[in-house]
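Asker: Sequence:
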Amino acid sequence: MNSKLLRENAMDSRIISGLMIAAMAGLSLVANAQTLTITQGVQKYASLASTTVHMSGRCELWVTNSSTPLSGCAINLNSSDAWLFLSGVKPSVVVSAYLGQVRVGGATAVADSNIRVVQHGAAGTVVIPHASSFQPLQVFTGPHFTGTAMSLSQHVYYRPTQLGPFNAAISSFKLKRGYMATLAQNQDGSGISRNYVAQDGDLEVSVLPGGLDDEVRFVYLIPWRWVAKKGSCDVWPEDLNATWWYNWNINQSSPRDMQYVAIKQQPYWPGLNQNWQTLGVNHLLGFNEPNNPVEDAYQNLTPPGSVSDAVARWAELLGTGLRVGAPAVTDGGYSWIVDFVNQADAAGQRIDYVPVHYYRSYANNDYPQGAADNLYNFLKSIYDAVKRPLWVTEFNNGANWTSDPDPTFDQNRNVIEAMINMMDATPWIERYAIYSAVEEVRQARYNAGGLTPMGLMYRDHLSPLAYLQG
Numbered sequence: 001m002n003s004k005l006l007r008e009n010a011m012d013s014r015i016i017s018g019l020m021i022a023a024m025a026g027l028s029l030v031a032n033a034q035t036l037t038i039t040q041g042v043q044k045y046a047s048l049a050s051t052t053v054h055m056s057g058r059c060e061l062w063v064t065n066s067s068t069p070l071s072g073c074a075i076n077l078n079s080s081d082a083w084l085f086l087s088g089v090k091p092s093v094v095v096s097a098y099l100g101q102v103r104v105g106g107a108t109a110v111a112d113s114n115i116r117v118v119q120h121g122a123a124g125t126v127v128i129p130h131a132s133s134f135q136p137l138q139v140f141t142g143p144h145f146t147g148t149a150m151s152l153s154q155h156v157y158y159r160p161t162q163l164g165p166f167n168a169a170i171s172s173f174k175l176k177r178g179y180m181a182t183l184a185q186n187q188d189g190s191g192i193s194r195n196y197v198a199q200d201g202d203l204e205v206s207v208l209p210g211g212l213d214d215e216v217r218f219v220y221l222i223p224w225r226w227v228a229k230k231g232s233c234d235v236w237p238e239d240l241n242a243t244w245w246y247n248w249n250i251n252q253s254s255p256r257d258m259q260y261v262a263i264k265q266q267p268y269w270p271g272l273n274q275n276w277q278t279l280g281v282n283h284l285l286g287f288n289e290p291n292n293p294v295e296d297a298y299q300n301l302t303p304p305g306s307v308s309d310a311v312a313r314w315a316e317l318l319g320t321g322l323r324v325g326a327p328a329v330t331d332g333g334y335s336w337i338v339d340f341v342n343q344a345d346a347a348g349q350r351i352d353y354v355p356v357h358y359y360r361s362y363a364n365n366d367y368p369q370g371a372a373d374n375l376y377n378f379l380k381s382i383y384d385a386v387k388r389p390l391w392v393t394e395f396n397n398g399a400n401w402t403s404d405p406d407p408t409f410d411q412n413r414n415v416i417e418a419m420i421n422m423m424d425a426t427p428w429i430e431r432y433a434i435y436s437a438v439e440e441v442r443q444a445r446y447n448a449g450g451l452t453p454m455g456l457m458y459r460d461h462l463s464p465l466a467y468l469q470g
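For the sequence shown, position 141 (counting from the first letter as 1) is numbered 141 according to our numbering, and the numbering increases by one without interruption.
Calculated directly from the structure, the hints in this document are not laboratory data. Just so you know, even glycine gets a beta-carbon here, dropped at the ideal spot from N, CA and C. Please note that a few of the clues may not be correct.
Cβ-Cβ distance ranges computed for the label pairs, FRET-style [what the hints assert, rightly or not]:
#1 Asp239 with Pro165: 49 to 55 angstroms
#2 Gly450 with Asp309: 40 to 46 angstroms
#3 Thr68 with Asp309: 33 to 39 angstroms
#4 Gly147 with Asn374: 18 to 24 angstroms
#5 Phe409 with Thr302: 41 to 47 angstroms
#6 Gly57 with Ser206: 22 to 28 angstroms
#7 Ala363 with Gly72: 54 to 60 angstroms
#8 Ser79 with Gly470: 25 to 31 angstroms
#9 Tyr446 with Pro209: 49 to 55 angstroms
#10 Asp188 with Pro143: 22 to 28 angstroms
#11 Glu439 with Lys387: 33 to 39 angstroms
Produce the complete structure using the sequences and hints provided.
Answerer: Written out as structure tokens, the structure reads:
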């Protein structure tokens, strides 16, 4: 397809299918009365103007301009696999400014009714023509998608009663892109279990692994969100342009532009009888610093700090059906977390990722890469032992209890930048969240208000997608 022809004949209607448009990535269509029909493949443009787009089959349209991506356009999504990506516009803006230009099978697009408008990456959105009643999981009684089939709905806990004849009879499944499914051996979500994420494409499992094949008695489905690595905890995430956050509690919910992560802070609190759909939550963090004697998570294990007791309590977290992270240890907790993972593995208890905290200082604040290398080596030692993705849910360049010289504001900016650049480039580090309430020089905000040099850098930093689909 000659891109020049598309601009020369403004009244011409052309079909562009497959990956033929790949050479046109970055092209801005500006012709009037242009018709663009996409039936398969991935098409990318800087912007579209006065264009009617018809999408069907399995295809993607990416538009990258952040200010005027779809001037005077009409987008028709005529297939559940026809997705629109606006990589420079946040979901709240898409809903308020652009959703009126979108039709789903000829009907007006209505967010959370006949269409999903979901965060994608550091500053973008994916528009998915799925109704709230869309059933993303199809299970089969036979291997290789044979036997009897049943489609399952979102936000429903499927246990023996709900599964009916499929209870302990599922052998294979197909999960549509954009969703997460947890399958477990026991009806309370415990026992052998697996969490499956279809982020980059449909996920098809032709034979379930041992312990689940014809043994599934629990299924839970949740919509996926494409968050970036960079998160926040002690500072409101919008102030740092973070796409996710947590707050050592379960008392907030996810708006369109960022996702809230729940935490089981300690064994007795907060409670996990939550409406995860209302909260917009699909991840759960484990106990907070159970190796630290000053923390409730340590004190409320029996005996205090007991790894075995933490493992014995793990079934409660698995019962949520969420993607579950191990307890988050301090940077002195290597032995505790390795012991926990080993005991959990031996007991057949699922751990999807491992959070850790890091506040070690570095003597030479004029050498940011040295601090980043120290962080990498610390994390790599844990990753090699636990063999799960890591989340760094608290970190900074030292703290008020470390012994090396305090950095200046600018030095701390440079050190934290080196650290997050390293974490962005490391595929097994899935997420990170700065914790800055450890002396003003290390804070994201000045005590008098306004962002520090580190806070400004962190706010403006665009991190890559967090999750990598295997």
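Asker: State for each hint whether it applies.
Answerer: Comparing the hints with the structure gives:
no.	hint	verdict
1	Asp239 with Pro165: 49 to 55 angstroms	holds (52 angstroms)
2	Gly450 with Asp309: 40 to 46 angstroms	holds (45 angstroms)
3	Thr68 with Asp309: 33 to 39 angstroms	violated (58 angstroms)
4	Gly147 with Asn374: 18 to 24 angstroms	violated (54 angstroms)
5	Phe409 with Thr302: 41 to 47 angstroms	holds (44 angstroms)
6	Gly57 with Ser206: 22 to 28 angstroms	holds (24 angstroms)
7	Ala363 with Gly72: 54 to 60 angstroms	holds (59 angstroms)
8	Ser79 with Gly470: 25 to 31 angstroms	holds (26 angstroms)
9	Tyr446 with Pro209: 49 to 55 angstroms	holds (52 angstroms)
10	Asp188 with Pro143: 22 to 28 angstroms	holds (26 angstroms)
11	Glu439 with Lys387: 33 to 39 angstroms	holds (35 angstroms)
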